[in-house]
Amino acid sequence: MQYFVQQMVNGLTLGSIYGLIAIGYTMVYGIIGMINFAHGDIFMLGAFVALIVFLILTSLFYSVHVVLFLLVMMVVAMVMTSLYNWTIEKVAYRPLRGSFRLAPLITAIGMSIALSNFVQVTQGPRNKPIPPMVSTVYNVNGISISLKQIIIVVVTVSLLALFWYLVNKTSLGRAQRACEQDRKMAALLGIDVDRTISITFVMGAALAAVAGTLFLMYYGVVAFSDGFVPGVKAFTAAVLGGIGSLPGAMLGGLMIGFIESMWSAYFSIDYKDVAAFSILAIVLIFLPSGILGRPEVEKV
Amino acid sequence: MTAARALLDIKGVETYYGNIRALSGVDVAVNEGEIVALIGANGAGKSTLMMTIFGTPRARRGTITFAGTDITDLPTHEIARLRIAQSPEGRRIFPRMTVMENLQMGASLDNLKYYDEDVEKVFTLFPRLKERIAQRGGTLSGGEQQMLSIGRALMARPKLLLLDEPSLGLAPLIVKQIFDAIRELNRTQGLTVFLVEQNAFGALKLATRGYVMVNGVVTMSGTGKDLLANPEVRAAYLEGGRH
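One line per chain: the protein sequences are A and B, in this order.
The numbering of the first sequence is UniProt numbering, which starts it at 1 and goes up by one.
The numbering of the second sequence is UniProt numbering, which starts it at 1 and goes up by one.
Treat the hints as calculated values from the structure; they're not laboratory data.
Note that this is a predicted model, so its numbers are computed, not measured.
Heads up, some of the hints might be wrong.
[Unchecked claim] Capping the alpha-carbon separation at 30 Å, the derived lysine-lysine pairs in DSSO-like fashion look like this:
(1) Lys121/B x Lys176/B
(2) Lys121/B x Lys159/B
(3) Lys159/B x Lys176/B
(4) Lys128/A x Lys272/A
(5) Lys113/B x Lys159/B
(6) Lys130/B x Lys184/A
(7) Lys205/B x Lys176/B
(8) Lys159/B x Lys130/B
(9) Lys176/B x Lys225/B
(10) Lys113/B x Lys169/A
(11) Lys130/B x Lys11/B
(12) Lys184/A x Lys113/B
(13) Lys184/A x Lys176/B
(14) Lys225/B x Lys205/B
(15) Lys148/A x Lys272/A
(16) Lys184/A x Lys159/B
(17) Lys169/A x Lys159/B
(18) Lys148/A x Lys128/A
(19) Lys225/B x Lys159/B
(20) Lys121/B x Lys205/B
(21) Lys184/A x Lys121/B
(22) Lys121/B x Lys169/A
(23) Lys11/B x Lys184/A
(24) Lys11/B x Lys169/A
[Said to hold, decoys possible] What the simulated footprint calls covered on chain A by chain B, stretch by stretch (three residues with Cβ under 8 Å from a Cβ of chain B suffice, anywhere in the stretch; the number is not a length):
(25) 176-182
(26) 191-205
For glycine and all other residues, C-beta sits at the position ideal for the given N, C-alpha and C.
Looking at chain B on its own, in the form it has when it is part of the complex:
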């Protein structure tokens, strides 16, 4: 599966909240140019894995390598500076900053050097944000916040984009719009994407490969198509619990 060296290589990672183990022995690899989906139920540890990549919380065991650099113990902001961007769980828009300022925060790695150029790309993907440019982040609707969160992550010119539940709580039409945008970015710019989803069907259709996580353990992996066809996956995540 990992013929070439993976862009993001997670090996044997264990993460704890206090004494509670949230991840145990997680192995995940994301190759350059792929869209990889991680699916699983509520509380399986998907978001924890996303945040562990950024060192909050830190992995207690195992290693995380990005583009050949061991990032397991790097400070969070230095991990971001290697060009990993995340649209995190709960979107985490800066509520008292305008849409523009939120996007500028995304571009702070390059000190706004490519801001004008990149912001146009974001507006092409999400024209809605352009209309809302002077509005405060906290006053946006859920879907708009999601677009802003993804747009802000893209402003960092990432080599790897981490998306945590981009479809959460959104109308189907907007979900489709966001998934189309992700596919588009991957195809035209070769952006590598690692996404976490509860919407297993949409995510697996979008993804090159997928992983299934149950209670902090990766139980299955394979291509998006294989997982979609897998009866266990279908039973657990796609057909509303029909066993």
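The shape of chain A in the complex, shown without the other chains:
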């Protein structure tokens, strides 16, 4: 039982990170119907920006409160990464908006390769480790919960709350949902659709950057290729939860996190990815539009 709960805690941590990335996939899909395959690399870029900020901070200050450190890393990573994603949308995706459906998809794969190669060339191909930032571990009834895990869950929950508020209660969120449901009508009501799409990319990137920072803090290492696997997993999470659905993305992320940690705990760690993707396949057979997704055809 203890072991099981321990794995739950680990799964929750992992799932939070996947969920944060998955939201970016699902939002962009919701608004322009395209899978932004470069999103995983946006996440990796966020982790790298955080790494660079961390190195600068540690060389400037001897010891500062670690929460402050993390906060600065996160904010800078969010700003820089958003800027990247904003630019990518503008130069690579927007000109293709009227084009056939596969064109932006192929471009996104190209952007993904371009981003990871860009980081490989400028930062080097090797793993970049950092000294552990947070090492406190609490022991609750024989279950060890690290402070890192608590930080990850707390940051994720508070970001989700903020995000939920933005999407559901502000005029910006309303405009985003309007564009998602009927872009032409939104424009007829005076909504600047291009701007709304840009903001969506910025929001997705900011969440991915937070995920990247948390990833760096949790594992203490990042490499240029680290965008791929978490990116694919987060994409899987978004599809599992129902692509286009925000709660679905988070739910999917948590499920993938749980499946992975449980599978590695009770079966073979080598097959944890196989397990995650098999469950995706099984769920999609019975629920083709994901767990919280809505069916494609809608009665209007």
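Starting from the known structure of chain A, arrange chain B on it as the hints suggest.
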């Protein structure tokens, strides 16, 4: 006909879908305070003209002027910001938003500044919407969606209201209700209305002036009364094809 400068002035507009010409050389003027009806059969290009005013699709030739501003090449959302509102073909209610959110979307030009005041006016016109306030747009009946679509357009405080087939598929009683509402808005608030209708009789009775469109060309124009009395119009649109 256009003694004063028209509020909306469409001159020689041609619109294409790909290589297919949908409108050719359309001249239409709507003066301030008028209700102007555009009638015509299915596929004549009436809705195309409505959307061309908003630049989707863009006019390939000709000019569209609104209140002295050339809007032919303005982005769609900037045209809307000049206070032209449209209840478009197919109503285009946001299906997964509540009635309230749909109305709020209509008021987004002023960032909901006059929302409370204006929403009461809409509810006075269409009390049914008040009962449905928390319901999702996609679950409303056709008539309710039509009311919501018009209400949403009114929330923008338009100088010009474009209505595309407000009577389409509705029960006669609701059609009457909607036409009464339009007349009321025009009389009490001086709202300028440009409407497209297949229901030629109702539309021409309501309108100050009317235009008849056939295959993307305006073939006739005149006051609502004259067109109603015109034998050609009667034969083609009013008497069920008795020639």
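Structure-based check of each hint:
In summary, the hint linking Lys121/B to Lys176/B is supported, as the alpha carbons are separated by about 19 Å, within the 30 Å threshold. For a cut-off of 30 Å, the pair hint linking Lys121/B to Lys159/B stands: about 16 Å separates their Cα positions. Between the alpha carbons of Lys159/B and Lys176/B the distance comes to roughly 23 Å, so the proposed pair stays at or under 30 Å and holds. The hinted pair formed by Lys128/A and Lys272/A meets the criterion: a straight-line CA distance of about 25 Å does not exceed 30 Å.
For the given pair, Lys113/B sits about 17 Å from Lys159/B by alpha-carbon distance, which is consistent with the 30 Å threshold. In summary, the hint linking Lys130/B to Lys184/A is supported, as the alpha carbons are separated by about 26 Å, within the 30 Å threshold. Between Lys205/B and Lys176/B the alpha-carbon distance is near 12 Å, which keeps this suggested pair within the 30 Å criterion. As the CA atoms of Lys159/B and Lys130/B are separated by approximately 25 Å, the hinted pair is consistent with the 30 Å bound.
Distance restraint check for Lys176/B and Lys225/B: the Cα-Cα separation of roughly 19 Å lies within the 30 Å cut-off, and the hinted pair is therefore satisfied. Among the hinted pairs, Lys113/B with Lys169/A is consistent with the structure: their alpha-carbon atoms are about 16 Å apart, no more than 30 Å. Under the criterion of a C-alpha separation no larger than 30 Å, the hint pairing Lys130/B with Lys11/B is inconsistent with the structure, at around 41 Å. Between Lys184/A and Lys113/B, the direct Cα distance comes to roughly 24 Å. Compliance with the 30 Å bound is thereby established for this hinted pair.
For the hint pairing Lys184/A with Lys176/B, the CA-to-CA distance comes to about 29 Å; that is within 30 Å, so the pair holds. Only pairs whose Cα atoms come within 30 Å are accepted, and Lys225/B paired with Lys205/B is accepted, the gap being roughly 7 Å. Taking the CA atoms of Lys148/A and Lys272/A, the gap is near 23 Å; set against the 30 Å cutoff, the hint holds. This hinted pair checks out: Lys184/A and Lys159/B have alpha carbons roughly 21 Å apart, not beyond 30 Å.
Distance hint between Lys169/A and Lys159/B is fulfilled; the C-alpha atoms sit about 29 Å from each other, no more than 30 Å. A threshold of 30 Å between alpha carbons decides the hint, and for Lys148/A with Lys128/A the separation of about 19 Å falls inside it, so the pair holds. Between Lys225/B and Lys159/B the alpha-carbon distance is near 25 Å, which keeps this suggested pair within the 30 Å criterion. With a C-alpha separation of about 25 Å, the suggested pairing of Lys121/B with Lys205/B holds against the 30 Å cut-off.
Proposed proximity of Lys184/A and Lys121/B is supported: the alpha carbons are some 26 Å apart, at most 30 Å. Between Lys121/B and Lys169/A the CA atoms are separated by roughly 24 Å; this keeps the pair inside 30 Å, and the hint holds. Distance restraint check for Lys11/B and Lys184/A: the Cα-Cα separation of roughly 24 Å lies within the 30 Å cut-off, and the hinted pair is therefore satisfied. With a CA separation close to 43 Å, the supplied pair Lys11/B and Lys169/A exceeds the 30 Å bound.
With 4 residues carrying a beta carbon less than 8 Å from a beta carbon of chain B, the stretch 176-182 of chain A meets the three-residue requirement, and the given coverage holds. Counting residues of the stretch 191-205 of chain A whose CB falls under 8 Å from any CB of chain B gives 3; the rule of at least 3 is met.
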